[in-house]
Amino acid sequence: MSLPSPPAMTHLIAAVEVAAMIAFAFSGVFEAARKRLDAVGVCVVAGLAAFGGGTLRDVLLDRRPFFWVEHAVWLWGLLALCAAAMLFMRARHFAPTSRAMQWPDALGLGLFTASGTQIALNTGSPALVAVLMGVITATFGGVLRDVVCNEIPTVFRDHRPYAVCAFAGAWALVGMQWLGAADWLALLAGAAVASLLRMVALWTDYSLPQWSAGDET
Amino acid sequence: MSLPSPPAMTHLIAAVEVAAMIAFAFSGVFEAARKRLDAVGVCVVAGLAAFGGGTLRDVLLDRRPFFWVEHAVWLWGLLALCAAAMLFMRARHFAPTSRAMQWPDALGLGLFTASGTQIALNTGSPALVAVLMGVITATFGGVLRDVVCNEIPTVFRDHRPYAVCAFAGAWALVGMQWLGAADWLALLAGAAVASLLRMVALWTDYSLPQWSAGDET
Amino acid sequence: MSLPSPPAMTHLIAAVEVAAMIAFAFSGVFEAARKRLDAVGVCVVAGLAAFGGGTLRDVLLDRRPFFWVEHAVWLWGLLALCAAAMLFMRARHFAPTSRAMQWPDALGLGLFTASGTQIALNTGSPALVAVLMGVITATFGGVLRDVVCNEIPTVFRDHRPYAVCAFAGAWALVGMQWLGAADWLALLAGAAVASLLRMVALWTDYSLPQWSAGDET
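Chains as they are written, first to last, in numbering that gives the first Met the number 0: chain E, 0 to 216; chain X, 0 to 216; chain W, 0 to 216.
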């Protein structure tokens, strides 16, 4: 098990971020298509879903320049992805259902949790703050996506665990680093824990225990 | 009337912030319970209500680190408060009404107004900007709480005075400092003015004069 | 064609910003009046519409102090404008329709696009990022205005081009600078292109081509 050198780790984090952005961009395209927004709305909602969480994290951590300012090529990539997705959906008469966006969403959830937590740890944040930054990175893009589409965000409405998965994945990453695991291993383990927990919850339709009062008569 | 030393003043501001956060966290818990969100939604809405206003103020003033990054213990406190409130509501079959969150909300309004205005004055902002920062600190947590619950925020919808109370309280604080009052006295007076005005408005059901056209035939 | 000196250019950008703020403030007042918000709601919605886009741009570019912190007089101006508009609407029994806010909105769109793009270019951003900042400056105030009024933002809902106009205007500005035009000419041309495109779209009721799947049977 060879430790990657720091530049390799930086590249790994960037690769994880890019994969998460692509996954969330697809969830944004599907959500916008369900709401019958026009082509601009699709690009904006996809952009908010893809860049929103990471940008809020960078504002909170005071990290500049933003990923998408430094590497403007990814903005072009987003526009190309949206155009391709719209042409494909039109050509195939593909009407996305609300379930269709759950799988890219679950994948992006794990990847963003891991990259957000690791980036916050790199700036010297305490563990709980780093975990919270991971959860914010993972969930806030989806919150923005849902708020501009005028819905209560999935993260609050869905009684199947969502933010809890990100929370568990982020602690898995922090825990593995405390146990002395290599950084890249902890990063991938955190992403896997969060994504798999969410996917298991979707498959088994597991609900968080209801807590609200007045229901148990 | 002995002037507190600067560290004492810093501690007083921190104490006022913490009291305001607790009050707003309760308003978030009640609002989330009314919307039947799950346990995660309750914690997130309570967190947005408690930390949202102060965080936006710190982003606008470029103040780092944030309160909750520097003192991560308060994040743990928030989680504990939410867990305790949910267990209590479940045990007592306590279903919060929309009136239940008005009282902690009014208390938090005054406390955040005073701390936000004082913190902005400490960074050398002009009086009107400091007043505005006080109003933002006091109201934005509630705005976030209501936006993620998919409602028009109370602060705009409620025809009883709300932001006006924060505005008056912030000017009271600034005015007392101009008149030469001690900092701690001005701070407490500003908080009291804002909270009491709001409570009086709730008790007497006083409405701001309607201005909208076409109503007075 | 004499090149303005840098201070003149700074003043021109500031003048364009102020004109855009006034235009957006009116659109906020009209929207708030349609939703029958109270006097405070009118001022807050007008303020979000007027200052929201520019403030987000400044947060993203890490530019401080904000326009409205440095020149607090404009906050007073906003309050005066809101008071005057409310008194006028009450005196004349003027009930704004949803069409009424389209014209100040179109004007503000162009002006904010130009100032936002130019300010981002001045900080050394790449062209696409500067264009995006122009679009954000132009649209985000309107997004905030609509989100707090609990509507899907116009920019996503309206199938007539909106953000596309800002996009075209921002590229017009960047293109003219590449062609060697004077800065002030490029600034005014960008504003004119964006505003006129939007106004033409409103006049001719032109819609972006529908892309959504399943409609063409």
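Watch out, some of these pointers could steer you wrong.
Below 25 Å or equal to it, Euclidean Cα-Cα: the simulated DMTMM-like pairs (lysine to aspartate or glutamate) are [said to hold, decoys possible]:
| id | chain 1 | residue 1 | chain 2 | residue 2 |
| --- | --- | --- | --- | --- |
| 1 | E | LYS34 | E | ASP182 |
| 2 | X | LYS34 | E | GLU69 |
| 3 | X | LYS34 | W | GLU150 |
| 4 | X | LYS34 | E | ASP61 |
| 5 | W | LYS34 | W | GLU150 |
| 6 | W | LYS34 | X | GLU150 |
| 7 | E | LYS34 | W | ASP182 |
| 8 | W | LYS34 | E | ASP204 |
| 9 | E | LYS34 | W | ASP204 |
| 10 | W | LYS34 | X | ASP204 |
| 11 | E | LYS34 | X | ASP204 |
| 12 | X | LYS34 | X | ASP182 |
Everything labelled a hint here was simulated from the structure, so no lab data went into it.
Against the structure, the hints come out as follows:
1. Taken as a hint, the E/LYS34 and E/ASP182 pair is broken in the structure, with Cα atoms around 41 Å apart against an allowance of 25 Å.
2. Proximity of X/LYS34 to E/GLU69 is assessed by CA-CA distance (about 41 Å); at most 25 Å being required, the pair is judged violated.
3. Restraint check: the Cα-Cα separation between X/LYS34 and W/GLU150 comes to about 19 Å, which is no more than 25 Å; the hinted pair holds.
4. A threshold of 25 Å between alpha carbons decides the hint, and for X/LYS34 with E/ASP61 the separation of about 34 Å lies outside it, so the pair is violated.
5. The hinted pair formed by W/LYS34 and W/GLU150 meets the criterion: a straight-line CA distance of about 11 Å does not exceed 25 Å.
6. Restraint check for W/LYS34 and X/GLU150: satisfied, since their Cα atoms lie roughly 13 Å apart, inside the 25 Å limit.
7. Straight-line distance between C-alpha atoms of E/LYS34 and W/ASP182 comes to about 41 Å, which puts the hinted pair past the 25 Å bound.
8. A threshold of 25 Å between alpha carbons decides the hint, and for W/LYS34 with E/ASP204 the separation of about 40 Å lies outside it, so the pair is violated.
9. Restraint check for E/LYS34 and W/ASP204: satisfied, since their Cα atoms lie roughly 21 Å apart, inside the 25 Å limit.
10. This hinted pair checks out: W/LYS34 and X/ASP204 have alpha carbons roughly 21 Å apart, not beyond 25 Å.
11. Distance hint between E/LYS34 and X/ASP204 is unfulfilled; the C-alpha atoms sit about 40 Å from each other, more than 25 Å.
12. Under the criterion of a C-alpha separation no larger than 25 Å, the hint pairing X/LYS34 with X/ASP182 is inconsistent with the structure, at around 41 Å.
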